[in-house]
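Chains E and F, in that order, are what the protein sequence lines are. Going left to right, the first sequence walks through residues 1 to 418 as this note's numbering numbers them. Going left to right, the second sequence walks through residues 1 to 115 as this note's numbering numbers them.
Keep in mind that the hints are not guaranteed to be accurate.
[Claimed, not checked] Here are the simulated EDC-like cross-link-like pairs (lysine to aspartate or glutamate), alpha carbons at most 16 Å apart as the crow flies:
no.: 1; chain 1: F; residue 1: Lys56; chain 2: E; residue 2: Glu175
no.: 2; chain 1: F; residue 1: Lys83; chain 2: E; residue 2: Glu175
no.: 3; chain 1: F; residue 1: Lys71; chain 2: E; residue 2: Glu147
[Claimed, not checked] A few chain E residues that face chain F, going by a derived Cβ cut-off under 8 Å, partial list only:
no.: 4; residue: Ile47
no.: 5; residue: His48
no.: 6; residue: Leu53
no.: 7; residue: Glu58
no.: 8; residue: Thr61
no.: 9; residue: Gln140
no.: 10; residue: Leu143
no.: 11; residue: Asn146
no.: 12; residue: Glu147
no.: 13; residue: Gly153
no.: 14; residue: Lys178
no.: 15; residue: Ile185
no.: 16; residue: Pro187
no.: 17; residue: Tyr188
no.: 18; residue: Asn190
no.: 19; residue: Leu192
For the record, the hints were derived by calculation from the structure and aren't laboratory data. Keep in mind the model is a prediction, meaning the values are calculated, not measured. We treat Cβ as the ideally placed atom computed from N, Cα and C, and that holds for glycine.
These are the residues of each chain, in order.
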Amino acid sequence: MENRDLVIIGGGSAGMAAAVAAYDKGIRDILILERTEFLGGILNQCIHNGFGLHEFKEELTGPEFLTRFVNQVKERGIEYELEANVLSLTNDRVVTYLSKKGKKSIKAKAVINAAGCYERNAGAIGIPGTRPAGVITAGQAQLYLNEFGYMVGKKVFILGSGDIGLIMARRMTLEGAKVLGVAEIMPYSNGLNRNIQQCLKDFDIPLYLSHTVSKVIGKEHLEAIEISKVDERMRPIPGTEIRFDVDTLLLSIGLIPNNSILDQAGAIGSSTRGSKVNQNMETSIPGVFSCGNVLHVHDLVDYVVEEGRQAGVAAAAYLQGQQRSDGPRIECVPGNGIGYVVPSWIDMESAGDSIPLKFRCRKPSKNVYISISFNGKEVKKMLKLAMIPSEMEIIKLPKNLLDSNQGKLEVALVAKGE
Amino acid sequence: MEHILTCIVCPRGCELHVDENFNVTGNSCPRGAVYGAQEIRDPRRTLTSTVKCRGKVLRVCPVKTSGTIRKADQFRIMEIVNKTEIVPPVALGQVIVPNIGDTGVDLIATRAIDE
Ligand SMILES: Cc1cc2nc3c(=O)[nH]c(=O)nc-3n(C[C@H](O)[C@H](O)[C@H](O)COP(=O)(O)OP(=O)(O)OC[C@H]3O[C@@H](n4cnc5c(N)ncnc54)[C@H](O)[C@@H]3O)c2cc1C
Ligand code: SF4
C-alpha cells in the first residue's frame with residue numbers, strides 16, 4: 001500500500017488552505033484528493049463578489065478567490081488528484097478512494113477532512129402536496145446556471161432566507177426570471193443583512209417572515225405553491241394562504257456538514273453534525289483533523305481559510321512529533337442562548353497562546369454580554385450590541401486565563417443588567 | 001429627510017442613517033460613510049454574471065464589471081452580457097467587453113479557461 005505523510009480529503013478553500021499551511025511548516029509529502037474536475041469547491045459556483053475582504057483586503061468573486069489559493073497550491077508543487085472520490089477512512093488512517101484509475105488505498109500518517117457540506121433538501125422538511133419536478137435546492141440551481149449556463153425556471157419562489165437563496169434571487173432576476181418572493185419560517189432572516197438589501201430590496205422582491213410553503217401544486221411539473229403564516233409553534237395558520245403560480249421552488253433551508261467519512265471512521269460526532277475536535281481541529285481519532293464546512297457550516301470563506309490553516313499547522317506539528325495528551329482536558333460547552341461551541345475540548349498541553357472559540361447564538365439578541373466562564377468562574381465578558389444566528393462569532397481566548405488543565409468552559413449569553 | 005439603509009460593503013451589514021447633508025451615522029468603519037453618501041446620491045453596484053463560452057469543458061465563463069455601474073443600468077448591461085460569447089483561451093482579468101454599454105468600466109473574466 002502507498003504511504004503518505006498527509007492526505008487531505010476535499011480540495012475546496014479549507015483543504016487548499018490546510019495543504020498550503022502544512023507545506024509552509026515543512027511537510028512535503030502531501031496529497032489532496034478532490035472529487036470534482038476542479039479545485040476550489042463550492043466557490044466555483046459562487047460567481048458573485050464579496051469574498052476575501054479579510055484575506056486579501058479586496059472584494060473578489062468566488063472564482064477569483066479560489067484561483068489565488070489554487071496558485072498557492074501550484075507554486076508549492078503540492079500534489080492533488082482530481083476526480084478522486086474518497087469512499088472511506090479507517091481509524092488507523094487508511095484512505096480508500098475511487099478515481100478513473102480504479103480503487104486505491106493509501107496509508108496516511110495524518111489526514112485532514114475538508115469535504116464541505118451539502119444542502120438540506122425537500123425530503124428533510126415535510127411540505128404537503130405533490131412532488132413534481134421544479135422543486136430543487138438553491139445550490140443546485142446555482143450550479144446549473146453558473147457552471148453549465150442552464151436556467152432552471154422563469155417564475156420562481158424561494159423557501160428559506162439562507163444566503164444561497166438570496167444570491168440566487170438576484171442572479172435569476174438579472175437573468176430575466178421573475179422571483180415572486182422568499183418565505184422564511186422564522187420571524188427573522190437567516191441570511192446576511194447585506195444580502196437582504198442587495199439581493200431582495202434592490203429588486204423589490206418581498207420577504208415573508210414567519211411564513212412557510214404549506215402546499216405544493218402540480219402533477220408532473222410544479223404549477224403553483226401556497227404559503228401560509230405560521231404560529232409560534234411553526235404551524236401554518238388556516239386562512240392565511242397566499243397562492244403563487246410558479247414553475248420553480250428553490251429551497252434554501254440550510255446546510256449540513258458532509259461528515260459521513262469521519263462518522264464511519266468512528267470519530268465522535270458533535271451537535272454541529274460534524275465531528276468533535278480539540279483546539280487544533282483534531283478529532284477523537286489521533287492524527288485525523290477536520291476543518292471548514294465539514295466541521296461546522298461557515299458563512300464566510302475567510303474563516304474557513306483560517307480554520308483550514310489551523311488544521312494544516314496542527315497536522316504538521318503532529319507529523320513532526322508533537323503528541324497531544326489524552327489525559328486531562330477542558331470540555332467546551334454551549335450555555336444559555338448559545339447553539340454550539342467549536343472546539344469541543346481543549347488540550348492545554350498542545351494549545352497555543354490564544355485559543356479561538358467559535359459559536360453561534362440561538363436567536364437574534366440585542367445588548368447582551370457574551371460571558372465565558374471556566375469551572376464556574378467568569379474569565380471574560382464582552383458586550384455585543386447585536387447578535388444573529390446567521391453570523392458566527394469568534395473570540396480568541398488567551399490561554400493564560402485558564403488556570404487549570406481540566407474542567408468545563410462555558411460560553412453563554414447574559415442580558416445587560418443581569 | 002433621513003434615510004436608513006443597510007451597508008453592503010462588508011458582511012457585517014451595519015445600519016446606516018444618512019441625513020439630508022449626506023452625513024452618515026451608524027457605520028462601524030469609514031467605508032460605510034463613503035457607501036452611505038454614495039448610495040443616496042447615486043447608487044452603484046458591481047455586476048457579476050456569466051457569458052457563453054465555447055470551451056471543451058465549460059459552457060459558461062464567469063465575468064464581472066471592473067468597477068461599479070449605476071444600479072439602474074444593471075438590466076441594460078445584462079442584455080449585452082447575454083449576447084456575448086467567448087472562445088477560450090481566456091485569462092483571469094481579461095477584458096471581454098471594453099467600456100461595456102458606455103459605463104466607463106469593462107466586463108472582465110473572473111476565471112481563466114485554457115481550452
Ligand atoms: C452559495 C454560497 C454562497 C456563499 N457566499 C459567500 C460570500 O458571499 N462570502 C463569503 O465569504 N463566503 C460565502 N460562502 C461561504 C464559503 O464560501 C464557504 O463556506 C467555503 O467556501 C467552504 O469551503 P470548504 O472548503 O469547507 O467546502 P467546499 O468548498 O464545499 O469544499 C469541499 C470540497 O470537498 C470535495 N469533496 C467532498 N466529498 C469528497 C469526497 N468524498 N472525496 C473527495 N472530495 C470530496 C468537494 O467536491 C469540494 O470540492 C458561500 C457559500 C455558499 C455555499
Ligand atoms: S460600515 Fe464598515 S463595518 Fe459596517 S458594514 Fe459597512 S463596511 Fe462593514
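Hint-by-hint comparison with the structure:
Our distance criterion of 16 Å between C-alpha atoms is broken by lysine 56/F and glutamate 175/E, whose separation comes to about 24 Å. Among the hinted pairs, lysine 83/F with glutamate 175/E is consistent with the structure: their alpha-carbon atoms are about 12 Å apart, no more than 16 Å. Note on lysine 71/F and glutamate 147/E: the hinted pairing is violated, with a Cα-Cα distance of about 25 Å set against a maximum of 16 Å. The interface hint given for isoleucine 47/E holds, since its Cβ lies 4 Å from the closest Cβ of chain F, which is under the 8 Å cut-off.
Interface restraint check for histidine 48/E: the shortest CB-CB distance to chain F comes to about 5 Å, inside 8 Å, so the restraint holds. The interface hint given for leucine 53/E is met, as the beta carbon of that residue sits about 5 Å from the closest beta carbon of chain F, less than 8 Å. Given the 8 Å rule on beta carbons, the hint for glutamate 58/E is violated: about 12 Å separates it from the nearest Cβ of chain F. Checking threonine 61/E against chain F: minimum C-beta separation of about 5 Å stays under 8 Å; hint holds.
Taking 8 Å as the C-beta contact cut-off toward chain F, the hint placing glutamine 140/E at the interface is violated, the least distance being around 16 Å. A hinted interface residue such as leucine 143/E counts as satisfied when its beta carbon comes closer than 8 Å to some beta carbon of chain F; here the least separation is about 11 Å, so the hint is violated. With a cut of 8 Å, the hint placing asparagine 146/E at the interface with chain F holds, because the nearest CB-to-CB distance is about 6 Å. Given hint, glutamate 147/E at the interface with chain F, holds; its Cβ is 7 Å from that chain's nearest Cβ, closer than 8 Å.
A cut of 8 Å between beta carbons decides the hint on glycine 153/E: the least distance to chain F is about 17 Å, and the hint is violated. Restraint check, lysine 178/E versus chain F: the minimum CB separation of about 13 Å is more than 8 Å; hint violated. Given hint, isoleucine 185/E at the interface with chain F, is violated; its Cβ is 21 Å from that chain's nearest Cβ, farther than 8 Å. Nearest Cβ of chain F to the Cβ of proline 187/E: about 18 Å, over the 8 Å cut. The hint is violated.
With its C-beta approaching chain F no nearer than about 13 Å, tyrosine 188/E sits outside the 8 Å limit, and its interface hint is violated. Given hint, asparagine 190/E at the interface with chain F, is violated; its Cβ is 13 Å from that chain's nearest Cβ, farther than 8 Å. Given the 8 Å rule on beta carbons, the hint for leucine 192/E holds: about 5 Å separates it from the nearest Cβ of chain F.
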